[in-house]
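Trainee: Those sequence lines, one after another, are chains A and B. Those letters in the first sequence? Residues 1 to 477, by full-length UniProt numbering. Those letters in the second sequence? Residues 1 to 477, by full-length UniProt numbering.
Be aware that one or more of the hints could be misleading.
For identical chains, the list gives no copy identity; a pair is met inside one copy or between any two copies.
[Unchecked claim] Derived BS3-like pairs (lysine-lysine); straight-line CA-CA distance at most 27 Å:
| # | residue 1 | residue 2 |
| --- | --- | --- |
| 1 | K44 | K375 |
| 2 | K54 | K88 |
| 3 | K278 | K260 |
| 4 | K90 | K55 |
| 5 | K294 | K329 |
| 6 | K260 | K371 |
FYI, nobody ran anything at the bench for these hints, they're computed from the structure. It should be emphasised that the depicted structure is a prediction, and the values quoted were computed from it without experimental measurement.
Protein chains: 2
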Amino acid sequence: MTPQLEPYFKQVDGLADHFIERLRQAVAIPSVSAEDERRPDVVKMGHFLHEELKKLGVETELRPLGKQPHKEHLDLPPIVLGRYGNDKNKRTILVYGHYDVQPANKEDGWNTEPFELSIDDKGRMFGRGSTDDKGPVLGWLNAIEAHQKAGLDFPVNLLMCFEGMEEHGSEGLDDFIMEEAQKYFKTADAVCISDNYWLGTEKPCLTYGLRGVQYYSLEVSGPGQDLHSGVFGGTAHEPMTDLAKIMSSLVDVDGTIKIKGIAEQVAPVTDEEKGLYKDIAFTMDNLYESLGSKTGIFPDKERTLMGRWRYPSLSLHGIEGAYSAPGAKTVIPAKVIGKFSIRTVPNLDIDEVNKCVEEHVNAEFAKLNSKNTCKVFCQHAGKWWVASPKHWNFTAAAKAVESVFKVKPDLTREGGSIPVTLTFEQATGKNVLLLPMGSSTDAAHSTNEKLDRYNYIEGIKLLGSYLHYVAEEPMNN
Amino acid sequence: MTPQLEPYFKQVDGLADHFIERLRQAVAIPSVSAEDERRPDVVKMGHFLHEELKKLGVETELRPLGKQPHKEHLDLPPIVLGRYGNDKNKRTILVYGHYDVQPANKEDGWNTEPFELSIDDKGRMFGRGSTDDKGPVLGWLNAIEAHQKAGLDFPVNLLMCFEGMEEHGSEGLDDFIMEEAQKYFKTADAVCISDNYWLGTEKPCLTYGLRGVQYYSLEVSGPGQDLHSGVFGGTAHEPMTDLAKIMSSLVDVDGTIKIKGIAEQVAPVTDEEKGLYKDIAFTMDNLYESLGSKTGIFPDKERTLMGRWRYPSLSLHGIEGAYSAPGAKTVIPAKVIGKFSIRTVPNLDIDEVNKCVEEHVNAEFAKLNSKNTCKVFCQHAGKWWVASPKHWNFTAAAKAVESVFKVKPDLTREGGSIPVTLTFEQATGKNVLLLPMGSSTDAAHSTNEKLDRYNYIEGIKLLGSYLHYVAEEPMNN
Numbered sequence: 001m002t003p004q005l006e007p008y009f010k011q012v013d014g015l016a017d018h019f020i021e022r023l024r025q026a027v028a029i030p031s032v033s034a035e036d037e038r039r040p041d042v043v044k045m046g047h048f049l050h051e052e053l054k055k056l057g058v059e060t061e062l063r064p065l066g067k068q069p070h071k072e073h074l075d076l077p078p079i080v081l082g083r084y085g086n087d088k089n090k091r092t093i094l095v096y097g098h099y100d101v102q103p104a105n106k107e108d109g110w111n112t113e114p115f116e117l118s119i120d121d122k123g124r125m126f127g128r129g130s131t132d133d134k135g136p137v138l139g140w141l142n143a144i145e146a147h148q149k150a151g152l153d154f155p156v157n158l159l160m161c162f163e164g165m166e167e168h169g170s171e172g173l174d175d176f177i178m179e180e181a182q183k184y185f186k187t188a189d190a191v192c193i194s195d196n197y198w199l200g201t202e203k204p205c206l207t208y209g210l211r212g213v214q215y216y217s218l219e220v221s222g223p224g225q226d227l228h229s230g231v232f233g234g235t236a237h238e239p240m241t242d243l244a245k246i247m248s249s250l251v252d253v254d255g256t257i258k259i260k261g262i263a264e265q266v267a268p269v270t271d272e273e274k275g276l277y278k279d280i281a282f283t284m285d286n287l288y289e290s291l292g293s294k295t296g297i298f299p300d301k302e303r304t305l306m307g308r309w310r311y312p313s314l315s316l317h318g319i320e321g322a323y324s325a326p327g328a329k330t331v332i333p334a335k336v337i338g339k340f341s342i343r344t345v346p347n348l349d350i351d352e353v354n355k356c357v358e359e360h361v362n363a364e365f366a367k368l369n370s371k372n373t374c375k376v377f378c379q380h381a382g383k384w385w386v387a388s389p390k391h392w393n394f395t396a397a398a399k400a401v402e403s404v405f406k407v408k409p410d411l412t413r414e415g416g417s418i419p420v421t422l423t424f425e426q427a428t429g430k431n432v433l434l435l436p437m438g439s440s441t442d443a444a445h446s447t448n449e450k451l452d453r454y455n456y457i458e459g460i461k462l463l464g465s466y467l468h469y470v471a472e473e474p475m476n477n
Numbered sequence: 001m002t003p004q005l006e007p008y009f010k011q012v013d014g015l016a017d018h019f020i021e022r023l024r025q026a027v028a029i030p031s032v033s034a035e036d037e038r039r040p041d042v043v044k045m046g047h048f049l050h051e052e053l054k055k056l057g058v059e060t061e062l063r064p065l066g067k068q069p070h071k072e073h074l075d076l077p078p079i080v081l082g083r084y085g086n087d088k089n090k091r092t093i094l095v096y097g098h099y100d101v102q103p104a105n106k107e108d109g110w111n112t113e114p115f116e117l118s119i120d121d122k123g124r125m126f127g128r129g130s131t132d133d134k135g136p137v138l139g140w141l142n143a144i145e146a147h148q149k150a151g152l153d154f155p156v157n158l159l160m161c162f163e164g165m166e167e168h169g170s171e172g173l174d175d176f177i178m179e180e181a182q183k184y185f186k187t188a189d190a191v192c193i194s195d196n197y198w199l200g201t202e203k204p205c206l207t208y209g210l211r212g213v214q215y216y217s218l219e220v221s222g223p224g225q226d227l228h229s230g231v232f233g234g235t236a237h238e239p240m241t242d243l244a245k246i247m248s249s250l251v252d253v254d255g256t257i258k259i260k261g262i263a264e265q266v267a268p269v270t271d272e273e274k275g276l277y278k279d280i281a282f283t284m285d286n287l288y289e290s291l292g293s294k295t296g297i298f299p300d301k302e303r304t305l306m307g308r309w310r311y312p313s314l315s316l317h318g319i320e321g322a323y324s325a326p327g328a329k330t331v332i333p334a335k336v337i338g339k340f341s342i343r344t345v346p347n348l349d350i351d352e353v354n355k356c357v358e359e360h361v362n363a364e365f366a367k368l369n370s371k372n373t374c375k376v377f378c379q380h381a382g383k384w385w386v387a388s389p390k391h392w393n394f395t396a397a398a399k400a401v402e403s404v405f406k407v408k409p410d411l412t413r414e415g416g417s418i419p420v421t422l423t424f425e426q427a428t429g430k431n432v433l434l435l436p437m438g439s440s441t442d443a444a445h446s447t448n449e450k451l452d453r454y455n456y457i458e459g460i461k462l463l464g465s466y467l468h469y470v471a472e473e474p475m476n477n
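Sequences are here, hints too, so could you generate the full structure?
Mentor: Next comes the structure, spelled out in structure tokens:
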């Protein structure tokens, strides 16, 4: 049965200004989780959400997470939990979002006050957290309110989990999810996360895959302390020379990873997969626009999307311990730590990748015949994630997109990592869907972050519509 | 005629405590030239010297250098000039030193207050500037005073030039020296600089050569702004990848410079030169001690000394624009600037070296087939310097060493650069001698800088003795 969504959509349109006002109030709370002195604002934002949920009749609670590790004077902000409906005849959808934001200062290059929602004549709503992730989080609340005001039955039971530390490592979240998997989250039939972006600006997408990441420190040391290059240059093995050699051996200019054993682990491209890329709403101009240059590796969009989504990549990030300031300093650094990371894809195994990296580095260093000391270690590792886009969770979302935007969504993966996705999948054993609200130009994490009015209001329709289709989709796994 | 130095030496010994007190007063003035807020202390130190010189009857003046370039609110500290004696029948020696010091904070790891002279039971006098360069500068004043108190005729006319910006680029000094070459410095017959160190701890040396330095910035850029490695890794040419390749192509782990055309310019080793190294008071253990490790390139001292003094070297210093903090950041830096420098020796030509570097970098970058942009440029260049150690200025100093230390000095070169040396040589056209007072363990520029009481007091004897022998040496060029 196709849901009758017109009354809901009309209600959302009618409440648009009210929903924007709610976003304005949320953006006005500078809930920057990375700045200790802003912690009270993060907590304030958690309480704001808690109060808004209560007003909507949602059963809600604030769950403390204890002290922040390594900063015992700081309480972690609470997890805001919510339960709306508890009808055994309805499906239960668990949604996740975060109410903290990235740092922002007007002086960094913002055209408007970052913590005041400013709407320009193109309907762009500028403000820190507008798109990441206050807009999407409020989207769920707004969907509930529109149903209430339209007198419509809410189609599912909704479980909500909103955290306040996402922009600062999601401290405490993984343990909490694991702990509540068979308690608060026990009844969830599927999970939906709205914390990513459309691939472009025109066409919605559903995201079913993420790359993992393994981040390495490659340390070369020799002298007991930094040396003067005049006094010691030409007489001592220099750690920077060794490090440059090893870093340059990891990856080629065309992105090919030179570490033996990585490419062999990558899942082969199937014929079915090959056909997926050409229809994705993405052009090389989209790439060039987001790069700010024409320095792409591949001439075509298919290979570019595969490079982003389904092949591993290796990036050199920088060097700790070497001279990094402007100007000139004639130092021979005594200990340098190269930083690089590998984006991983199916079927790369975390331990196997670590082993390949260690073997490569050790072999390359041995070739050098240096008297310095070299070691490499994995700072942190997060696994790749790929869900089945054929699951009812996805087919429901696809129908919802069509009902709102009159277009079939692209099925996309992302090159980056959202570790909580995998945590929810592993903790609940349920299908997880990434259902973005904002577009690729929203500048999350950057200056002048924004959410388009169009994406916000239509996004609220999308979230509600998705829940209706979820209620109707046949069980398929 | 051999000078009769015993009365002078006795007088120096008798005044030792007084001379140490003078050094204590000087160290107590934190004349840190690199820190804007300390500028008044640098000026105060200049005035202290001026007053001390006046008390000794030296004709002295403070010469303003105007505003500091790029910091127009700051006056440069004055040059302290002094003239002691103006007898046409005597030789005139121009001495240079500096009265500013490196930054120092107790918290950096000093065992004592850096601006309080602290003498331990081994006679080590700890304090910022003790050896670099307040001890040597006061050495000249002390030599004058000891002559006066012993009722001895001063053997030469002494011209003094003490600057207050040596540790911060000697701003304004070169122009000043060029300007005064035919004025204040016109009558100088030779130049003596005491601002370097013995090669070890036991045996004095005279220094007749320095390497030059050419410092490069190697810039690779591509994207319009820093990128997220998850989103763009594997799809765009990364400047860090290109930079690592080029940096690793510049030099081998054993110090061999891989830039075509550099080795070809190095003056061949003569048979006479070959014999010089084996007698130098230097051991591989000296190297290992100063390195704080056994990571020397060569097993023998001869090749090590040649690597330091007479062969060029290339050091990679670091990268500007890449991630350099502890921890992890998954950034693809948009523009990275590799810093490296070449220590130069006879007969490397500044322009020719620049040309070789440019050609090498351009060729290596072309090989990469990258869409990024690469450029290299020389930030600053200072020429190598080699003087004749057979000049009377050196033979006088050698005899002075024998008279004080009962040993022939080593004739050494240095791997580092003291640009003012070449400036004085070029401006005056006279022979320049580097006559160190401190030893290799003095930790100039580091924490716990010190000057041994022995080196200070015997050094005062050395400076005075040197002037006596200068008065006696036959003209040889």
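Trainee: Next step is simple, just say for each hint if it's right about the structure.
Mentor: Consistency of the hints with the structure:
1. K44 / K375: neither (44 Å within a copy, 50 Å between copies)
2. K54 / K88: Within. Shortest intra-copy distance 22 Å satisfies the 27 Å Cα cut-off; inter-copy 99 Å does not.
3. K278 / K260: neither (31 Å within a copy, 48 Å between copies)
4. K90 / K55: within (23 Å within a copy, 99 Å between copies)
5. K294 / K329: between (34 Å within a copy, 24 Å between copies)
6. K260 / K371: Classified as both: same-chain Cα gap 25 Å, cross-chain 26 Å, threshold 27 Å.
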